[in-house]
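Here's the letter readout for the chains.
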Amino acid sequence: MTKEEIEHLARLSRIALSPAETVSFQSEITSILDYVSVVNAMAADETPHAPTVPEHINIFRADEVTNEPGSNTEVLLAAMPETHGRFMKVKKILNQND
Amino acid sequence: MTNHKPLHNTVSELRAAYLAGDTTPTQVVAEALGIIERTDKDIHAFLDVYKEQATAAAAAATARFAAKETNLPPLLGVPVAIKNNILIKGERATAGSKMLEHYRASYDATIIERLRAAGAIFIGATNMDEFAMGGSTEHSAYGPTRNPLAPTRVPGGSSGGSAAAVAMGAAPVAIGTDTGGSIRQPASYCGLVGFKPTYGAVSRYGLVAMGSSLDQAGPLTHTVADAKLIHEVMVGRDSYDATSRDYPVSSYVKGTPLTFGVPRSFLKDGVDADVLALFDKHCAAITAAGHKVVDIELPLFEQGLAAYYIVMPAEVSSNLARYDGIRYGLSVPGNDLLAVYENSRAEGLGAEVKRRILLGTYVLSSGYYDAYYKKAELVRTKMRAELAQVFSSVDVIVTPTAPTPAFRLGEQADPLSMYRQDIFTVPVNLTGIPALTFPMGEVNRDADCLPVGVQYSAPLGHDTRLLEIGIALYDERSL
Numbered sequence: 001m002t003k004e005e006i007e008h009l010a011r012l013s014r015i016a017l018s019p020a021e022t023v024s025f026q027s028e029i030t031s032i033l034d035y036v037s038v039v040n041a042m043a044a045d046e047t048p049h050a051p052t053v054p055e056h057i058n059i060f061r062a063d064e065v066t067n068e069p070g071s072n073t074e075v076l077l078a079a080m081p082e083t084h085g086r087f088m089k090v091k092k093i094l095n096q097n098d
Numbered sequence: 001m002t003n004h005k006p007l008h009n010t011v012s013e014l015r016a017a018y019l020a021g022d023t024t025p026t027q028v029v030a031e032a033l034g035i036i037e038r039t040d041k042d043i044h045a046f047l048d049v050y051k052e053q054a055t056a057a058a059a060a061a062t063a064r065f066a067a068k069e070t071n072l073p074p075l076l077g078v079p080v081a082i083k084n085n086i087l088i089k090g091e092r093a094t095a096g097s098k099m100l101e102h103y104r105a106s107y108d109a110t111i112i113e114r115l116r117a118a119g120a121i122f123i124g125a126t127n128m129d130e131f132a133m134g135g136s137t138e139h140s141a142y143g144p145t146r147n148p149l150a151p152t153r154v155p156g157g158s159s160g161g162s163a164a165a166v167a168m169g170a171a172p173v174a175i176g177t178d179t180g181g182s183i184r185q186p187a188s189y190c191g192l193v194g195f196k197p198t199y200g201a202v203s204r205y206g207l208v209a210m211g212s213s214l215d216q217a218g219p220l221t222h223t224v225a226d227a228k229l230i231h232e233v234m235v236g237r238d239s240y241d242a243t244s245r246d247y248p249v250s251s252y253v254k255g256t257p258l259t260f261g262v263p264r265s266f267l268k269d270g271v272d273a274d275v276l277a278l279f280d281k282h283c284a285a286i287t288a289a290g291h292k293v294v295d296i297e298l299p300l301f302e303q304g305l306a307a308y309y310i311v312m313p314a315e316v317s318s319n320l321a322r323y324d325g326i327r328y329g330l331s332v333p334g335n336d337l338l339a340v341y342e343n344s345r346a347e348g349l350g351a352e353v354k355r356r357i358l359l360g361t362y363v364l365s366s367g368y369y370d371a372y373y374k375k376a377e378l379v380r381t382k383m384r385a386e387l388a389q390v391f392s393s394v395d396v397i398v399t400p401t402a403p404t405p406a407f408r409l410g411e412q413a414d415p416l417s418m419y420r421q422d423i424f425t426v427p428v429n430l431t432g433i434p435a436l437t438f439p440m441g442e443v444n445r446d447a448d449c450l451p452v453g454v455q456y457s458a459p460l461g462h463d464t465r466l467l468e469i470g471i472a473l474y475d476e477r478s479l
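In order, the protein sequences belong to chains L and V.
According to the numbering used here, the stretch in the first sequence is residues 1 to 98, in order.
According to the numbering used here, the stretch in the second sequence is residues 1 to 479, in order.
Since the hints were derived computationally from the structure, they do not count as laboratory data.
Check before you lean on any hint, since a few could be wrong.
Derived DSS-like pairs (lysine-lysine); straight-line CA-CA distance at most 27 Å [said to hold, decoys possible]:
(1) V:K268 to V:K292
(2) V:K89 to L:K89
(3) L:K89 to V:K98
(4) V:K51 to V:K98
(5) V:K374 to V:K354
(6) V:K354 to L:K3
(7) V:K292 to V:K281
(8) V:K51 to V:K68
(9) V:K254 to V:K292
(10) V:K98 to V:K354
(11) V:K51 to L:K91
(12) V:K268 to V:K254
(13) V:K281 to V:K254
(14) V:K68 to V:K98
(15) L:K3 to V:K374
(16) V:K68 to L:K91
(17) V:K281 to V:K268
(18) V:K98 to V:K41
Here chain L is said to cover these stretches of chain V; the calculated rule only asks that three of the stretch's residues, wherever they fall, bring their Cβ under 8 Å from a Cβ of chain L [said to hold, decoys possible]:
(19) 277-289
(20) 307-320
Backbone N, C-alpha and C define an ideal beta-carbon position, used for all residues, glycine too.
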């Protein structure tokens with residue numbers, strides 16, 4: 001894993017890394033990836049598993065509102081770093097020229 | 001350490017004492033708060049102590065016992081410590097992270113609702129590795145927790161604060177969460193019983209998510225009977241967790257001979273010699289109790305840690321994307337939106353969390369997804385098939401819970417060597433099966449006498465049966 005690759009991962013992860021973090025993650029992540037690469041041998045035989053093994057399943061509920069409208073608004077707004085009235089405030093994402 | 005006897009009682013002992021009028025929830029909660037006040041400055045098991053709320057709840061519970069009400073709920077007046085990644089409405093839920101230092105939960109987790117309805121009194125929020133990532137509680141943004149049995153050593157993790165709270169006598173029960181061993185390994189290090197239920201048996205609604213296909217909440221207690229009691233309060237389908245479901249009730253008839261499988265080749269590397277000697281002694285005791293111990297082969301299980309360190313970081317990178325400095329949690333200013341994200345996450349997250357997010361981002365990224373994530377998920381499927389085969393001939397798989405006793409603070413500096421503490425526990429989460437740990441003996445290290453746990457795991461959904469086996473073999477026989 002190169003320094004550039006770590007920096008690329010950090011950008012994808014939306015984390016600003018310090019130079020020291022970049023250096024330590026470079027060696028640590030490389031050694032972890034070496035270690036986990038054994039999965040390729042473990043999964044070399046790709047035959048499907050026996051159908052008797054139960055899978056995780058999702059059990060959905062009806063898509064219905066279960067609380068009074070507005071009952072959580074105050075407390076959720078209070079948790080937001082920046083608000084404007086009943087709105088969450090974020091930085092603009094478009095330049096004025098766009 | 002002074003042994004603060006009253007709260008080394010079990011839940012059923014407390015209940016009997018309340019009913020007999022020998023003590024009251026008010027006295028017990030006051031004693032618990034006293035223990036925390038005297039001891040916790042050295043141990044640091046708690047991030048928050050709910051003194052007022054617990055005292056008020058105790059007074060209400062005391063009144064109900066005094067009124068000799070019938071059908072009193074099963075945990076009425078029982079102090080319970082809660083890991084700080086479980087939401088209690090109005091209280092802080094930090095998950096051990098600076099990111100959520102000031103975050104207050106806007107709702108109760110389903111398990112909190114159920115414990116509350118059962119009469120439990122929440123005594124405080126326990127320390128943990130940040131976002132449950134770690135095996136020592138040294139990765140908490142609020143400083144480490146120490147092992148009450150040997151304060152130069154770690155209590156294990158990530159539910160280290162929960163384990164320490166019970167071990168120091170601040171509560172007879174603590175709730176933890178377990179993604180790769182985070183209930184069982186600290187229980188082992190602190191001489192307790194710990195239980196990781198079948199995936200989906202207990203609702204995850206209101207838990208701070210780490211690895212959503214792996215996470216489960218469960219109890220840390222002194223006896224298996226207490227673990228069963230707590231589990232029965234928390235278990236069951238919850239419409240707010242689409243992966244939760246009701247499993248058919250399983251049971252164990254006391255005295256029925258069982259077959260225990262030992263994955264012998266799994267034990268040949270990296271297990272402390274004294275732990276191995278205790279384990280062999282434990283297997284001999286199982287045989288002496290009239291059961292059968294056989295060797296089994298679990299080749300994929302033995303390499304489960306590799307698959308885990310792909311699947312878990314992948315789910316971590318996805319789950320923790322929500323901490324962006326916008327909707328809640330720490331927000332650090334920046335020139336544009338991207339800078340707000342990057343700065344908030346840089347400042348709010350610790351090194352271990354960042355490491356796993358980067359690793360997860362890598363194994364999910366285009367070009368590497370097939371080589372890592374997809375392969376790891378395939379390994380999981382094959383592991384389940386391997387297990388189904390083994391469970392056709394054995395009732396319980398038995399291993400040590402962790403390869404070593406509690407280590408010293410700062411001793412495991414390298415991430416990979418820390419990860420290896422979980423070799424016996426992570427395959428359980430990858431396959432979703434239930435597992436129980438209880439003490440199998442003690443080993444001496446320097447001046448410390450350290451407990452060591454044994455792990456029993458059973459087929460998917462056999463939670464009650466496994467707990468009943470634990471009651472027969474640990475609570476009632478002291479194997």
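Evaluated hints:
| no. | hint | in the structure |
| --- | --- | --- |
| 1 | V:K268 to V:K292 | 21 Å, holds |
| 2 | V:K89 to L:K89 | 25 Å, holds |
| 3 | L:K89 to V:K98 | 22 Å, holds |
| 4 | V:K51 to V:K98 | 23 Å, holds |
| 5 | V:K374 to V:K354 | 22 Å, holds |
| 6 | V:K354 to L:K3 | 16 Å, holds |
| 7 | V:K292 to V:K281 | 14 Å, holds |
| 8 | V:K51 to V:K68 | 26 Å, holds |
| 9 | V:K254 to V:K292 | 15 Å, holds |
| 10 | V:K98 to V:K354 | 13 Å, holds |
| 11 | V:K51 to L:K91 | 40 Å, violated |
| 12 | V:K268 to V:K254 | 33 Å, violated |
| 13 | V:K281 to V:K254 | 22 Å, holds |
| 14 | V:K68 to V:K98 | 46 Å, violated |
| 15 | L:K3 to V:K374 | 26 Å, holds |
| 16 | V:K68 to L:K91 | 60 Å, violated |
| 17 | V:K281 to V:K268 | 16 Å, holds |
| 18 | V:K98 to V:K41 | 20 Å, holds |
| 19 | 277-289 | violated (count 0) |
| 20 | 307-320 | holds (count 4) |
The structure does not agree with the numbered hints 11, 12, 14, 16, 19 stated previously, though it agrees with the rest.
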